[in-house]
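J.: Sequence:
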Amino acid sequence: MNLALQTGALMLAILMGYAGKRIGVFGGRDYKLLQTIIFNVTLPAAVILSFAKNDHDLRMFWVILLGFLAAFVPLLAIYFAARRAPVRSRGFQMLVGTTFNVGSFALPAITTFLGAGAGVAVVMFDIGNAMMCAAGALVLTNLLLHLDPNWDAMTGGQRARVIARNFYSSVPFDMYLTMIVLLLAGIAIPGPVVTLITPFANANTFLSMIMVGMMMEVPRDRDDFLDMAKVLGWRLLVAVCAALAAWYLLPLAPEVRMVVAVTAFAPISIFSTKYADETLDRGELAGFSLTVSALISLVIMAGLCAWLPTLL
57 MNLALQTGAL
67 MLAILMGYAG
77 KRIGVFGGRD
87 YKLLQTIIFN
97 VTLPAAVILS
107 FAKNDHDLRM
117 FWVILLGFLA
127 AFVPLLAIYF
137 AARRAPVRSR
147 GFQMLVGTTF
157 NVGSFALPAI
167 TTFLGAGAGV
177 AVVMFDIGNA
187 MMCAAGALVL
197 TNLLLHLDPN
207 WDAMTGGQRA
217 RVIARNFYSS
227 VPFDMYLTMI
237 VLLLAGIAIP
247 GPVVTLITPF
257 ANANTFLSMI
267 MVGMMMEVPR
277 DRDDFLDMAK
287 VLGWRLLVAV
297 CAALAAWYLL
307 PLAPEVRMVV
317 AVTAFAPISI
327 FSTKYADETL
337 DRGELAGFSL
347 TVSALISLVI
357 MAGLCAWLPT
367 LL
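So the number in this note's numbering is just where the residue sits in the sequence shown, counting from 1, plus 56.
If you're looking for bench data, these hints aren't it; they were derived computationally from the structure.
Be a bit skeptical, because a hint or two may be false.
Unchecked claim - Just the calculated beta-carbon pair ranges, DEER-fashion:
{"id": "1", "residue 1": "ASN258", "residue 2": "ALA133", "range": "36 to 42 Å"}
{"id": "2", "residue 1": "PHE262", "residue 2": "ARG215", "range": "38 to 44 Å"}
{"id": "3", "residue 1": "ILE219", "residue 2": "GLY359", "range": "36 to 42 Å"}
Unchecked claim - Heads up, simulated BS3-like pairs for lysine-lysine below, C-alpha to C-alpha not over 30 Å straight-line:
{"id": "4", "residue 1": "LYS88", "residue 2": "LYS330"}
{"id": "5", "residue 1": "LYS286", "residue 2": "LYS77"}
{"id": "6", "residue 1": "LYS88", "residue 2": "LYS286"}
{"id": "7", "residue 1": "LYS286", "residue 2": "LYS330"}
{"id": "8", "residue 1": "LYS88", "residue 2": "LYS77"}
{"id": "9", "residue 1": "LYS77", "residue 2": "LYS330"}
Built from N, CA and C at the ideal position, the CB exists for glycine as well.
Using the sequences and the hints given, assemble the complete structure.
T.: Structure representation (structure tokens):
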């Protein structure tokens with residue numbers, strides 16, 4: 057019963073965001089303000105809180121590797137599988153069909169369903185995912201499809217600076233790396249810091265779900281629907297493969313493998329919507345695809361969180 061109510065609460069927040077935009081309470085671009093708050097305040101706070109409140113095992117670095125491979129390998133697979141598609145469609149599938157919305161969706165959803173203790177495994181998966189999410193997917197897609205007209209004209213040094221800036225300008229990615237350094241150094245998060253950031257971390261779930269709803273915009277073009285369907289199909293295939301790899305291959309405790317398997321069903325990343333907007337002018341389609349994938353992911357995650365514990 058509690059799980060059903062928690063799922064309903066998250067869905068209600070998504071619907072509130074969408075309804076608020078439709079009736080004029082929120083503007084069409086107001087979600088960008090929430091993006092700024094989430095990525096620079098509440099999500100970093102949630103990462104700190106997760107590391108501070110849970111024990112860590114260095115074997116969890118296997119989860120980082122899985123998170124990276126789950127985002128990297130599908131991008132190459134889509135590149136070859138969609139080789140006959142127009143660049144506009146191929147690029148959309150590569151950018152939106154890979155990487156995971158972990159920090160602002162899977163993390164709050166899974167910790168709502170399974171408790172704060174599940175957060176560490178989710179965050180570890182996101183560290184690997186973030187290497188592709190923050191810059192890697194865009195860089196590889198640009199290299200393979202030449203989407204950026206300025207890329208070919210750049211020197212090697214300019215390209216390196218662009219890539220580096222995409223990484224270090226991401227506050228969540230910087231926070232992940234900081235937490236890893238503290239973990240390796242054996243330094244604990246001070247109690248006053250935990251107390252200070254807890255209210256911000258607790259706001260991450262609600263703001264993230266509201267933002268997902270605010271980004272929804274229904275496309276009218278048939279080709280757009282087809283590209284969205286392809287992306288959702290790719291994502292489901294990748295999620296199943298990554299979840300099976302987590303469940304059967306990770307040399308970790310069953311509870312950790314379960315959390316990682318659930319995380320693999322995270323929806324489209326917010327970075328993907330930004331990249332699709334900047335390089336392909338398909339931001340609205342990416343935003344709608346994100347919302348649809350988020351609703352699908354929420355149902356699947358809730359079901360897995362109810363079923364998988366019975367298998368442990």
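J.: Under the criterion that the straight-line Cα-Cα distance not exceed 30 Å, is the pair LYS286, LYS330 satisfied?
T.: holds, 19 Å
J.: Using the beta carbons of ILE219 and GLY359, state whether their distance is inside 36 to 42 Å or not.
T.: About 38 Å separates the Cβ atoms of ILE219 and GLY359, which means 36 to 42 Å holds.
J.: State, for the Cβ atoms of PHE262 and ARG215, whether the hinted interval 38 to 44 Å holds or is violated.
T.: holds, 39 Å
J.: Please verify whether LYS88 and LYS330 have alpha carbons no more than 30 Å apart.
T.: Holds: LYS88 and LYS330 sit about 10 Å apart, inside 30 Å.
J.: Does the structure keep LYS77 and LYS330 at a Cα separation of 30 Å or less?
T.: holds, 19 Å
J.: LYS88 and LYS286: Cα distance at most 30 Å?
T.: holds, 26 Å
J.: Confirm or reject the claim that ASN258 and ALA133 have a C-beta distance inside 36 to 42 Å.
T.: Holds - the Cβ-Cβ distance for ASN258 and ALA133, about 38 Å, lies within 36 to 42 Å.
J.: Can you confirm whether the C-alpha distance between LYS88 and LYS77 stays at or below 30 Å?
T.: Answer holds: LYS88 to LYS77 is near 13 Å, not above 30 Å.
J.: Regarding the pair LYS286 and LYS77, is the alpha-carbon distance no greater than 30 Å?
T.: holds, 27 Å
The structure fails none of the hints (numbered hints given earlier).
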